[in-house]
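Visitor: Using the sequences and the hints given, assemble the complete structure.
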Amino acid sequence: MTVGETLLWVLPLVPTVTAFAMLTTRDRRILSALDVGSSALLLALTLILAREVAASGPHALGVLRVDDLGLVFLVLLVILTFAVAIYTVGWLTQAVAVGNMQAKYLRSYFALVHLFVATMVVTILADNLGVLWIAMEGTTITSAVLIGYHGHHHGLEAAWKYIIVTTIGISFGLFGTVLIYAAAAATGVQGSAGTLSWSAMMPVASTLDPGIVRIGFIFVMIGYGTKAGLAPMHLWLPDAHSQAPTPVSALLSGVLIKCALLGIIRFQTIAAAACGAAFPTYVLLVFGLISVVVATPFILAQHDVKRLLGYHSVEHVGIVALGLGFGGPIGTYGALLHVVNHGVTKALAFFAAGKAIARYGSRDMRVIRGVLRVAPIGGTLLVLGALSLAGVPPFSIFISELMVLRAGIGLGHSVAIAIFLAMIVVIFAGLLHHAGGMAFGQPTAAASREPESWSPLVGMLLLAAIMVVLGLGIPASVDGLLRRATEIIVD
Amino acid sequence: MSADTVQSIIDDLGALLLFTMILIVAAGQIYRAIYAVAAQSLLIAIAGGVLAAATGNVDLWVIAAITLVVKATLLPWVLHWVVQRMNVRREIEPVIPIAGTLALSVLIVVVSFQVSASLGPVRQAITGNALPVGIALTLTGVLVMATRKTALTQMVGLFASENGIFFTAMAVSQGMPLIIEIGVILDVILAALVMTIMVLRVRSTVDADIADLDRLRG
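So the protein sequences, as listed, match chains A and B. Straight run, no breaks: the first sequence in numbering that gives the first Met the number 0 ends on number 490. Straight run, no breaks: the second sequence in numbering that gives the first Met the number 0 ends on number 217.
Just so you know, these hints were derived from the structure itself, not from any lab. Note that this is a predicted model, so its numbers are computed, not measured. Incorrect hints may appear among the rest.
A few chain A residues that face chain B, going by a derived Cβ cut-off under 8 Å, partial list only [unchecked claim]: (1) Ile133; (2) Leu195; (3) Trp197; (4) Ala199; (5) Val203; (6) Gly210; (7) Ile356; (8) Gly360.
Which residues of chain B face chain A? A partial, calculated answer using Cβ under 8 Å [unchecked claim]: (9) Thr137; (10) Val141; (11) Leu142; (12) Met144; (13) Pro176; (14) Leu177; (15) Ile179; (16) Gly182; (17) Val183; (18) Met197; (19) Leu199.
Ideal Cβ placement from N, Cα and C applies to all residues, glycine included.
Guide: Okay, here's the thing in structure tokens:
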């Protein structure tokens, strides 16, 4: 067994073992140490795996497989997990102090977070489309408990809506998977009773029956699209993102919805080979445009800062869908880059918003005023995150949005581009208005003037550094990874 | 068994499955919906047994047995237990009248047959009318989830929807690989467990149905 193959089964095991180890202790310091240690280990192992893949191509082991496409998402996942672990140390002290988290349930909270991470690792590494589905439903179950973790009935309401809506959605995904499996089994080319393996299906994808793949892809698109937060199936998203504990919100918005996008990309490549590229393009463009348009009025009228970030994720998932839909090397590269940029930036924004919420004791943006006065570093990071989310150069999101736009213009999708541009401009103004109000002005009396604690700041600075670096120029190693990933999708 | 016999048995079972689905949609009391979904799972298990006997595929026997134990017995029993424990006064609480949902489900069945008829050649690989029945079951289950205001009825809709997918998978390609089917069932059990805990938790703290909470808007 090579290093790459060993890592394939070790990677999901690290968070799983950590989760069970955490159940044995109640000491908060040990729990936090395990949290940070295990996340750092996961990060290190992923970087080793990335080097292996760059050197000797994809590795496969049973139902798991890693290629450059999966690596893009895996690297994003482990970086955010690491940042979340650091942020949680300081966040937890404060949350326990005000009674948002109860000290005696902390170990199950940490264990669930790591199980959640483990299911996402399997989702990303799954080669077998059935395993992909099972892991995706696993993410729903673990994260639903986390969303309701604060235990008050708003949280439980959001958790219920989340589990019901995404489970309905994901049922469609399974149905679509079954149909595509049937199409693959009908060709009979696959040997042993037709596997669900994506890598085995791809070479014969062009011989699959287009009729059944078309229906299957629509089911999959609705199914995984629900989990990705594409409108009009996004109903769970603002509630879940606003009610979950802040570190969980960051993981949901930063990685989970991206994992669902990876699922869509896998099926998109099959559908493009079987029915021609025009069909998945059309479906993705429709869902992408609906998402961007639907999110806009809610972003403008929002007062709850975490709901604002939630609706904003709907918009950005829409942008990724548009990039994938426009396709071609530029659009696909832009979409993948946007996945990374949005993941990092949105996690940073949730972190900064979470600190501001703790300081003011409210999620209402009319109460949160003058953050820069009471918390200069946290406030600066909040402004930077908001500027980047709005798409201001030189931050990273500007680059990827520009690529998606260029791909759309180059391929002559003028109507889609016109709608997209109009919405982007409106959201840009709306977001800067909200962020400006929060950052400047007179702090309300409710604001706490405590000094800023170090650990959330370290977590945020890590993400801000990545955001700035990716905006100034994409490092050669990242660029190579994204290029190879693009080739997998575009062929 | 000859292929024709198998096909006619599967078609008959498909008709019965649609009938149980109508019972679920029409049920005015939660108990009836639970019994109907248990009967539906039993039919799925029988369909699995028939296909297993016809094709000699051992995996299908296993899937049929698991369906019988988990979906036809265990999950309905859990639902039944929760209903008794919660002492539900309000029963089904449809968002739109039951007659309306029945009309919609008829529409779904018609559309499902239309869609599968348009497929042509692929249907040769599929046993009888299993594909339209599977699509209809899945979509009607979703309809039940979307049009009921009580948490337990939504869970019944979820199980019915899952039944539709299993039936399609069996008839379309003799079931997915065994390990996948087991994983899917495991997910269904875990999801049911988490949902049950949430329902009981909300019931004990604010004495309301979790599916009826609607504070989060905008």
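Visitor: A separate judgement is required for each hint: does it hold in the structure or not?
Guide: Tested hints:
Taking 8 Å as the C-beta contact cut-off toward chain B, the hint placing A:Ile133 at the interface holds, the least distance being around 4 Å. Here the hint on A:Leu195 is kept, as its CB sits about 7 Å from the closest CB of chain B, short of 8 Å. The criterion of a C-beta within 8 Å of any C-beta in chain B is not met by A:Trp197, whose closest approach is roughly 13 Å, and the hint is violated. Restraint check, A:Ala199 versus chain B: the minimum CB separation of about 12 Å is more than 8 Å; hint violated.
Of the supplied interface hints, the one on A:Val203 is violated, with its beta-carbon coming no nearer than about 15 Å to a beta-carbon of chain B, more than 8 Å. Taking 8 Å as the C-beta cut-off, the interface hint given for A:Gly210 holds, the closest approach to chain B being about 5 Å. A distance limit of 8 Å between C-beta atoms decides the matter here; for A:Ile356 the minimum to chain B is near 16 Å, and the interface restraint is violated. Using the Cβ-Cβ criterion of 8 Å, the hint placing A:Gly360 at the interface with chain B is not satisfied: the shortest such distance is roughly 19 Å.
The closest approach between the C-beta of B:Thr137 and any C-beta of chain A is roughly 5 Å, which is under the 8 Å cut-off, so the hint is satisfied. Nearest Cβ of chain A to the Cβ of B:Val141: about 5 Å, under the 8 Å cut. The hint holds. Because the smallest distance between the Cβ of B:Leu142 and any Cβ of chain A comes to about 10 Å, over 8 Å, the interface hint for this residue is violated. At its closest, the beta carbon of B:Met144 sits 6 Å from a beta carbon of chain A; the interface hint therefore holds under the 8 Å criterion.
A distance limit of 8 Å between C-beta atoms decides the matter here; for B:Pro176 the minimum to chain A is near 7 Å, and the interface restraint holds. Violation of the interface hint for B:Leu177 is found here, the shortest Cβ-Cβ separation to chain A being roughly 10 Å, above the 8 Å cut-off. The restraint placing B:Ile179 at the interface with chain A holds, with a minimum CB-CB distance near 3 Å, inside the 8 Å limit. Interface hint status for B:Gly182: upheld, as the beta-carbon distance to the closest one in chain A is roughly 4 Å, under 8 Å.
Restraint check, B:Val183 versus chain A: the minimum CB separation of about 6 Å is within 8 Å; hint holds. Interface hint at B:Met197: satisfied, since its Cβ lies 6 Å from the closest Cβ of chain A, which is below the 8 Å cut-off. With a cut of 8 Å, the hint placing B:Leu199 at the interface with chain A is violated, because the nearest CB-to-CB distance is about 11 Å.
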